[in-house]
Amino acid sequence: MLTKASEKFNFLQVNSYNLKSHSKGESLYVKEWKSTKKRVLHHFIILHDICDHHGRYEPLAQYLWEKFEEQIDITFIDLKGHGLSSGTRSYVKNFDEYIEDLHLILKDDESFETKKVLIGQGLGGLIALSYVQKYEQIAREHISSIVLSNPLLYLNIEVHELYESILKKINKYAGKVRFPYKIKGSDLSTDRVRIESYNSDPLINHYMSISLVEEIVKKSKQLLDYSYFLDMPLLMLLSKQDFLVNWSKSSLFMKGMPKSLASERVYPHSAHDLFNEKNRDKVFNDIYNWISDIHR
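Going by our numbering, the letters in the sequence shown line up with residues 1 to 296, in that order.
Hints are computed from structural coordinates only; laboratory data are not their basis.
You may find that some hints are simply not true.
Pairwise CB distance ranges (calculated) [unchecked claim]:
#, residue 1, residue 2, range
1, K20, K176, 35 to 41 Å
2, K259, L224, 17 to 23 Å
3, S292, E141, 18 to 24 Å
4, D96, R192, 37 to 43 Å
Predicted model, so just to flag it, every value in this text is computed and none were measured.
Every residue gets a Cβ at the ideal spot worked out from N, C-alpha and C, and that includes glycine.
I would like the entire structure built from these sequences, with the hints used as guidance.
Here's what the structure looks like:
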């Protein structure tokens with residue numbers, strides 16, 4: 001996808017590099033699509049889902065690049081323990097490690113004066129929301145808006161109960177043990193091509209660690225009331241057929257925000273991974289239209 005995009009767009013400059021993680025001894029893989037046009041409208045930071053990696057979000061990036069007529073910058077990040085970044089696969093000792101890694105990347109960005117749009121899917125959505133909460137003042141100055149796609153705020157009851165039962169049987173030193181549920185492409189999408197791609201992708205982890213699930217649950221509980229304090233434009237994208245996230249509770253989260261800032265799109269027949277679903281072009285267009293409207 002990246003090679004095709006490079007050939008197609010005259011104003012696309014592609015860079016990739018490794019950045020030392022907030023966690024000692026680990027490195028983060030970062031990829032940038034930079035516009036060489038004089039005027040840059042937005043800088044998108046795309047945060048992937050649990051067990052996922054940046055490469056599966058390039059169709060979203062290409063769509064936005066075309067719609068905004070090549071006047072945007074895009075940064076992809078492989079989270080610690082995911083994709084081309086180092087670290088134990090799908091493991092984190094403390095959720096704040098993700099937040100601090102994102103902070104390092106934002107501080108290191110040369111175009112820090114260009115306001116950012118955070119786009120987070122699943123785990124990435126939870127990280128984006130957590131970052132804005134922890135670095136509230138910096139976020140107000142440097143982030144213009146947030147797009148959350150099925151953020152891991154409310155795990156579905158079946159997954160959560162399984163998690164609770166497993167934790168009671170292990171000791172506190174078993175955090176790197178894999179959560180006994182293999183994530184399959186069919187759990188995430190109804191698009192057969194994308195399902196097969198997911199299942200055969202060597203950069204997909206397929207399993208979560210016990211510690212990562214525990215940290216997600218802890219962090220989500222800390223954020224449940226945060227919507228009452230969130231004062232920047234937010235678009236929530238929700239799937240009614242999501243196996244991992246309770247979409248109706250996520251929808252209620254939005255009720256705490258001012259109506260002028262909170263927007264929601266619900267997709268009745270879609271699964272968890274909206275950016276790789278059959279109707280992804282509609283999802284991409286909804287994001288584009290919302291960003292265009294709020295920045296008029």
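Evaluated hints:
1. K20 to K176: 35 to 41 Å: violated (22 Å)
2. K259 to L224: 17 to 23 Å: holds (20 Å)
3. S292 to E141: 18 to 24 Å: Distance hint for S292, E141 holds at roughly 22 Å.
4. D96 to R192: 37 to 43 Å: Check passed, 38 Å falls within 37 to 43 Å.
Checked against the numbered hints above, the structure violates only hint 1.
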